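Heads up: the protein sequence lines correspond to chains A and B, in order. For what it's worth, the working numbering labels the leading residue of the first sequence as 1, then goes sequentially. For what it's worth, the working numbering labels the leading residue of the second sequence as 1001, then goes sequentially.
Hints were generated in silico from the structure; no laboratory data involved. Since the structure is predicted, the reported quantities are computational estimates derived from the model, not experimental observations. Hints may contain errors.
Every beta carbon over 10 Å from chain A, so not counted as near; a handful from chain B, in silico [to be verified]:
no.: 1; residue: Pro1008
no.: 2; residue: Gly1014
no.: 3; residue: Met1015
no.: 4; residue: Lys1018
no.: 5; residue: Met1027
no.: 6; residue: Lys1036
no.: 7; residue: Tyr1051
no.: 8; residue: Glu1052
no.: 9; residue: Phe1064
no.: 10; residue: Ser1065
no.: 11; residue: His1077
no.: 12; residue: His1079
no.: 13; residue: Ala1080
no.: 14; residue: Pro1083
no.: 15; residue: Ser1086
Capping the alpha-carbon separation at 20 Å, the derived lysine to aspartate or glutamate pairs in EDC-like fashion look like this [what the hints assert, rightly or not]:
no.: 16; chain 1: A; residue 1: Lys42; chain 2: B; residue 2: Glu1108
no.: 17; chain 1: A; residue 1: Lys42; chain 2: B; residue 2: Glu1003
no.: 18; chain 1: A; residue 1: Lys1; chain 2: B; residue 2: Glu1044
no.: 19; chain 1: A; residue 1: Lys68; chain 2: B; residue 2: Glu1103
no.: 20; chain 1: B; residue 1: Lys1036; chain 2: A; residue 2: Asp39
Stretches of chain B that chain A covers, calculated by requiring three or more beta carbons in the stretch to come under 8 Å of a beta carbon on chain A [stated by the list, open to error]:
no.: 21; region: 1041-1049
no.: 22; region: 1104-1114
Even glycine gets a Cβ: it sits at the ideal position worked out from N, Cα and C.
Chain by chain, the residues run as shown.
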Amino acid sequence: KQEVTQIPAALSVPEGENLVLNCSFTDSAIYNLQWFRQDPGKGLTSLLLIQSSQREQTSGRLNASLDKSSGRSTLYIAASQPGDSATYLCAVRSSNDYKLSFGAGTTVTVRA
Amino acid sequence: DTEVTQTPKHLVMGMTNKKSLKCEQHMGHRAMYWYKQKAKKPPELMFVYSYEKLSINESVPSRFSPECPNSSLLNLHLHALQPEDSALYLCASSFRTSRNTGELFFGEGSRLTVL
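Use the sequences and the hints to build the structure in full.
Structure follows, in structure tokens:
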């Protein structure tokens, strides 16, 4: 069974600092990995999708890397802003399982 | 336009009520999903529809009854719920389902409170 872990559970940084969010998974046989953002009481917003054949994806200030062999993905957010405050979840779709396995998320607070 | 629309945004119901949650997408996606999310927990899969047919039921109690009237609509009918069913119910869609799936898009959710 795929298990997805996100550490730390919470993170507080001053505005302008770069954010590094970690996601680890136990089964390297994955189809893709997706990063989401969730604001309190709201739905999930897709940030980046990385296919298993890719090593990274970029969108604006966001960059996500994938290392399947070590079972890790990292989301980098450059020059953080207070508007980046949210919970960030990673989700892994195993290549032999229809399910999307979610991590518990990292709650980020960017202080002005 | 990547948008999944859910109604209502908030719903309060008694344990004897019957209500429905609705979800709509116009992205041409053929896979639609219901997830349940409790506070400070990740979403849990409930149902998956693929080409308007139920393909996955994650052993969800029968008091939750999904329906997919057409490729753009997904409903979740609620009956005789328990207070512990109070949660954020999220609808999602993707271009394909099963292993060969693409990006998953979520709606804003319906916040359900069962009294």
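Now for the hints, and whether the structure bears them out:
At roughly 14 Å from the closest C-beta of chain A, the C-beta of B/Pro1008 stays outside 10 Å, upholding its exclusion from the interface. Annotated as non-interface, B/Gly1014 keeps its C-beta farther than 10 Å from every C-beta of chain A; the closest such distance is 22 Å. With a cut of 10 Å on Cβ distances, B/Met1015 stays outside the contact zone with chain A, its closest approach being about 23 Å. No beta-carbon of chain A is positioned within 10 Å of the beta-carbon of B/Lys1018; the least distance is around 25 Å.
No Cβ of chain A approaches the Cβ of B/Met1027 within 10 Å, the least distance being about 12 Å, so the stated non-interface status holds. A cut-off of 10 Å between C-beta atoms confirms that B/Lys1036 is not in contact with chain A; the least separation is 12 Å. Non-interface call for B/Tyr1051 relative to chain A: holds, since the shortest CB-CB distance, roughly 14 Å, exceeds 10 Å. Annotated as non-interface, B/Glu1052 keeps its C-beta farther than 10 Å from every C-beta of chain A; the closest such distance is 17 Å.
No beta-carbon of chain A is positioned within 10 Å of the beta-carbon of B/Phe1064; the least distance is around 18 Å. At roughly 21 Å, the least C-beta separation between B/Ser1065 and chain A is larger than 10 Å, which holds for a residue marked as non-interface. Listed as outside the interface, B/His1077 is consistent with that label: its C-beta sits roughly 21 Å from the nearest C-beta of chain A, beyond the 10 Å cut-off. In this structure B/His1079 is separated from chain A by more than 10 Å, as the shortest Cβ-Cβ distance comes to about 24 Å.
Even its closest Cβ contact with chain A, about 26 Å, leaves B/Ala1080 beyond 10 Å, as expected for a residue assigned away from the interface. B/Pro1083, annotated as away from the interface, keeps every beta carbon of chain A farther than 10 Å; the closest lies near 19 Å. With a minimum CB-CB distance of about 13 Å to chain A, B/Ser1086 clears the 10 Å threshold, and the non-interface call stands. With a CA separation close to 5 Å, the supplied pair A/Lys42 and B/Glu1108 stays within the 20 Å bound.
Between the alpha carbons of A/Lys42 and B/Glu1003 the distance comes to roughly 14 Å, so the proposed pair stays at or under 20 Å and holds. For the given pair, A/Lys1 sits about 15 Å from B/Glu1044 by alpha-carbon distance, which is consistent with the 20 Å threshold. The hinted pair formed by A/Lys68 and B/Glu1103 meets the criterion: a straight-line CA distance of about 18 Å does not exceed 20 Å. Distance restraint check for B/Lys1036 and A/Asp39: the Cα-Cα separation of roughly 16 Å lies within the 20 Å cut-off, and the hinted pair is therefore satisfied.
Counting residues of the region 1041-1049 of chain B whose beta carbon lies closer than 8 Å to any beta carbon of chain A gives 5, which reaches the threshold of three, so the coverage claim holds. With a threshold of 8 Å between beta carbons, the proposed coverage of the region 1104-1114 of chain B by chain A holds, since 7 of its residues qualify and at least three are required.
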